[in-house]
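Letter by letter, the chains look like this.
2 protein chains.
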Amino acid sequence: MDLRTPKGTHDYGPRECYLLNRFLRAVTEVFETHGAACIDTPTFELRELLCNKYGDESRLIFDLADQGGDICSLRYDLTVSFARFLAKHRVQRLKRFQIGKVFRRDQPSVSKGRLREFVQCDLDIAGAYMEMVADAEAICIMSECLDRVGHRYQIRISSRKILNALMEHSGIGRNNFATVCSTIDKMDRLPWADIAAELRTKGLVDGQVAVLKRYVCVSGGIEVIDTLRSGELYLYSDGKKGIDDLALLFKYLGIYGVGDRAVVDLSLARGLDYYTGVIFEAALVDFKDVGSVAGGGRYDNLVSSVLGKKSEWSVPCVGFSLGVTRILSVMLKVDRRRTTETEVFVGSSGGLLLEERMGVLSRLWRAGVAAETFYTRKYGYASLMEHVRKTDIPFFLLVGEKEIAENRFRLMYGEDRALQMYGDIDTIVNFIKSHRAGQRPPAGL
Amino acid sequence: MDLRTPKGTHDYGPRECYLLNRFLRAVTEVFETHGAACIDTPTFELRELLCNKYGDESRLIFDLADQGGDICSLRYDLTVSFARFLAKHRVQRLKRFQIGKVFRRDQPSVSKGRLREFVQCDLDIAGAYMEMVADAEAICIMSECLDRVGHRYQIRISSRKILNALMEHSGIGRNNFATVCSTIDKMDRLPWADIAAELRTKGLVDGQVAVLKRYVCVSGGIEVIDTLRSGELYLYSDGKKGIDDLALLFKYLGIYGVGDRAVVDLSLARGLDYYTGVIFEAALVDFKDVGSVAGGGRYDNLVSSVLGKKSEWSVPCVGFSLGVTRILSVMLKVDRRRTTETEVFVGSSGGLLLEERMGVLSRLWRAGVAAETFYTRKYGYASLMEHVRKTDIPFFLLVGEKEIAENRFRLMYGEDRALQMYGDIDTIVNFIKSHRAGQRPPAGL
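So the sequence lines, in the order shown, correspond to chains E and V.
Per my numbering, residue 902 is the first one in the first sequence, and the count goes up by one each step.
Per my numbering, residue 902 is the first one in the second sequence, and the count goes up by one each step.
Just chain E, with the same shape it has in the complex (with noise of 0.2 Å):
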């Protein structure tokens, strides 16, 4: 039998998962501390709903096989998804975050962490409100995600509407837009040269390169926008209202204290065509190969346009979504032994003493304290310290006949578990519970 996975697709085992889970309860934490609701929709959607929503993207849909009854496709993203739950339940607002398996039928690379599946994890926040307020709180609730994985990050700030005006100035078509973008959208890997030359062989006259190039090169902070507002752009409609946001933005970005992680970069186009406002992306300083950790931006029209044209109905959305996959290739480069968080291993000595580690065993596990055992009929006290050293389980308990009778347990903790203390079973899960805090790993990975 063919035991591989489908293409593109793999095995997540106890290492991967056990940092992945911990990343996950990490974000959740931080989605349900600013109030946000958890969803969930189908993993897969009526065929009719994905089309038309991803451009040249969409030959990259898995369909179901028609087996009589709905014409389905597995999801591409969360969003169209989000799009099509507010437009369904006729939700005005609603601050979200969901987790998900998304598929695409890329040409998987393991290099770049492109799989077929992967996890989507996505916060948005849906409804009318004051302006930049929503962008504000999806940019620090993004921030406060890469927090917990431990790197250094930057956010690049950019708008569409600036773009919008950009094309507008330098008398390139809408029609271009997109593959304008799409190579600027490469500035962080290729030199300007070549970026130039492609740009040519789109169509584009020396005049144009030259004013796209002063442009977006544009980067840095709050005084960049100083600059862009007594420049050429500002006259624009789109380039004024764009630039004002980018202002009110990042002084809401200094009250929630994650200004100094944010620059305006307006080389930042983003690849998908439903973004009409803010736009934002961020990578980790130290693992630049690894592209962008996270990005998303304003989507104000995808709602009304998921009910189809003539709706006057229309949720404006703000939302990003967190690259998991990439962001578990970096934790994974961390070298990390534990796959489970198992705290003790209960051994015994003289015998196999089986019930009477089972009986220690549940005594533990009601008290909330992770615990395991061996369930072999051979074991030798060697091999069960090298399974405690090697899978890192910070105690090991010692049951033996003469332990049992006196009430009295031999706990073996610290490096290479040479330190040692006796109790019985209450005084034993009273110091591993106080040992918490300094022997696992901390809370947000």
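Where hints are given, some of them may not hold.
[Claimed, not checked] Keeping only pairs whose Cα atoms sit at most 25 Å apart, straight-line, the calculated SDA-like set for lysine to any residue is:
(1) E:Lys989 with V:Lys1334
(2) E:Lys1334 with V:Lys1334
(3) V:Lys1152 with E:Ile1305
(4) E:Lys1334 with V:Leu925
(5) V:Lys989 with E:Arg916
(6) V:Lys989 with E:Leu921
(7) V:Lys1303 with E:Gly1155
(8) V:Lys1002 with E:Arg926
(9) V:Lys1334 with E:Tyr1157
(10) V:Lys908 with E:Leu921
Simulated from the structure, these hints should not be mistaken for laboratory data.
Since the structure of chain E is already known, use the hints to place chain V on it.
Just chain V now, with coordinates in the frame of chain E:
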């Protein structure tokens, strides 16, 4: 545009997800306390893996369209994927849990909680261990998971080996085993007369029906095992093994303190083909109509069957699935208004005070207090208080010009938020944290 979800699937809104997440978090904690590792496998598998695993039910498998490349189907359960995982990675021992969506093209029934997409939550212990030790821990873990549901439950336990002996004793051939089991499985829903009639239509003669009746009505505590030991089935080798297994199992369940929730019940048959030893199933005593909410058993040959018939490599397993969707349906019967973890709603008095509220929010978030505010331009004390009461947010913090100037805020809490306290943000944070145990729903739910 058609906004519905595909037939047999549905959206889970904030209230459902709130309960679902709390439950899944609680059972994950149970799994981790037992030292279980988590794995994750793809949502779809190569179609050939799923063939010939589910008998008649194979027709319920969802296929992916042939878009070139691998021929795949959506997984039908997590167990076959787990067996493939063990075989592919040549894992000999693993206590693992997995939570994920599974898919069945069944006739959906909202009233029976039968959907085409639903969450499965599995724990399995793979490996060759001493008799009944892993079986006992699996049932112990299942029991601890059900403790978190907060309703009384009973675990019925039987053994495929005893059923084998019963079939042999009744002269019912191997070929009829599955179909006879499926009739016996209806005993909790139908009177014996109907069961007997159905058995006769399946070709059983009166004598056989009488023998079956004598045994499948056997149900009770440990004393039943003694009766079985002195009965006819104990004379068959499978019968002796199965009955001795149950005796040892109940001894271990006693050590784990879950014996009082378990009964021997020979009417339990379980549908799936792959079970080879102990089988068990749990139902909520006060919600019998919901059906079984958890079930599992020992399957010693599935991993080798995944590898192919001639394989000498085999991994015996025992485990269970929690019926998460059914458990959720019971939880939803209990009225709960909460949809988020929000602890504090930050309101304003005497003005919009947006930036001041953002500053307060930022401090609450950083202190780990779940908080939200309003982002609209319009507001009114009465409508804010109405929102706080309706969504059951325990604390209401008021920000006004005076409060800001004096750094002394008003916190309303308790029934109808009629109690008050005053203090700076640090004092308020400490007050909220000290009230958590009382205000928040219990950890389990």
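| Would the pair V:Lys1152 and E:Ile1305 pass a check requiring their Cα atoms to be no farther apart than 25 Å? | 19 Å, holds
| Hint consistency between V:Lys908 and E:Leu921 [alpha-carbon to alpha-carbon, up to 25 Å] | 32 Å, violated
| said: Tell me if the straight-line CA distance from E:Lys1334 to V:Leu925 falls inside 25 Å. | reply: It holds: about 24 Å lies between the C-alpha atoms, which stays within 25 Å.
| Are the Cα positions of V:Lys1002 and E:Arg926 separated by 25 Å at most? | 19 Å, holds
| said: Holds or violated: V:Lys989 and E:Leu921, Cα atoms, limit 25 Å. | reply: With Cα atoms ~22 Å apart, V:Lys989 and E:Leu921 stay inside 25 Å; holds.
| Distance restraint between E:Lys989 and V:Lys1334, which requires alpha-carbon spacing of 25 Å or less | It is violated: about 38 Å lies between the C-alpha atoms, which goes past 25 Å.
| query | Given the hinted pair V:Lys1303 and E:Gly1155, is their alpha-carbon gap at most 25 Å? | reply | Given pair V:Lys1303, E:Gly1155 holds - Cα atoms ~23 Å apart, limit 25 Å.
| message | Would the hint linking V:Lys989 and E:Arg916 be met if the CA-CA limit is 25 Å? | response | Satisfied, since the Cα-Cα distance of roughly 17 Å is no more than 25 Å.
| message | Against the 25 Å threshold, does the CA-CA distance of E:Lys1334 and V:Lys1334 hold or violate the hint? | response | 20 Å, holds
| said: Just to be careful, I want the Cα atoms of V:Lys1334 and E:Tyr1157 compared with a cutoff of 25 Å; is the pair within it? | reply: At roughly 22 Å apart (the allowed maximum being 25 Å), E:Tyr1157 and V:Lys1334 satisfy the hint.
This entry does not satisfy hints 1, 10, going by the numbered hints stated previously.
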